[in-house]
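Quick note: the sequence shown uses our numbering, first residue 1, plus one each step.
By construction, these hints were calculated from the structure, which means they are not laboratory data. Don't take every hint at face value.
[To be verified] Listed next, the in silico DSBU-like pairs over lysine-lysine satisfying Cα-Cα at most 35 Å (straight line): (1) Lys10 x Lys56; (2) Lys10 x Lys47; (3) Lys37 x Lys63; (4) Lys46 x Lys10; (5) Lys59 x Lys10; (6) Lys56 x Lys42.
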Amino acid sequence: MEDTIKIEVKDNNVEQALRVLKRKLQRDGFYKIIKLKSNYEKPSEKKKRILQENIKRVKKLNKLKNRF
Numbered sequence: 001m002e003d004t005i006k007i008e009v010k011d012n013n014v015e016q017a018l019r020v021l022k023r024k025l026q027r028d029g030f031y032k033i034i035k036l037k038s039n040y041e042k043p044s045e046k047k048k049r050i051l052q053e054n055i056k057r058v059k060k061l062n063k064l065k066n067r068f
């Protein structure tokens with residue numbers, strides 16, 4: 001499965017297109033994946049990281065839920 005991101009360069013403004021590309025990659029979690037894949041992660045560390053991410057996600061959802 002290969003996902004492609006298309007960015008249009010308008011008026012030869014490459015700098016703006018690069019900013020848009022970087023923003024899209026960051027939203028997709030590309031940089032986070034690259035950082036995780038660059039070094040070996042022990043299985044116990046991976047479990048701890050995933051648990052912490054889940055806790056953080058649930059707290060964020062509860063915070064947003066209680067807001068409205």
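Hints, one by one, checked against the model:
1. Lys10 x Lys56: 39 Å, violated
2. Lys10 x Lys47: 44 Å, violated
3. Lys37 x Lys63: 31 Å, holds
4. Lys46 x Lys10: 42 Å, violated
5. Lys59 x Lys10: With a Cα-Cα distance of about 40 Å, the restraint between Lys59 and Lys10 is violated, given a limit of 35 Å.
6. Lys56 x Lys42: 21 Å, holds
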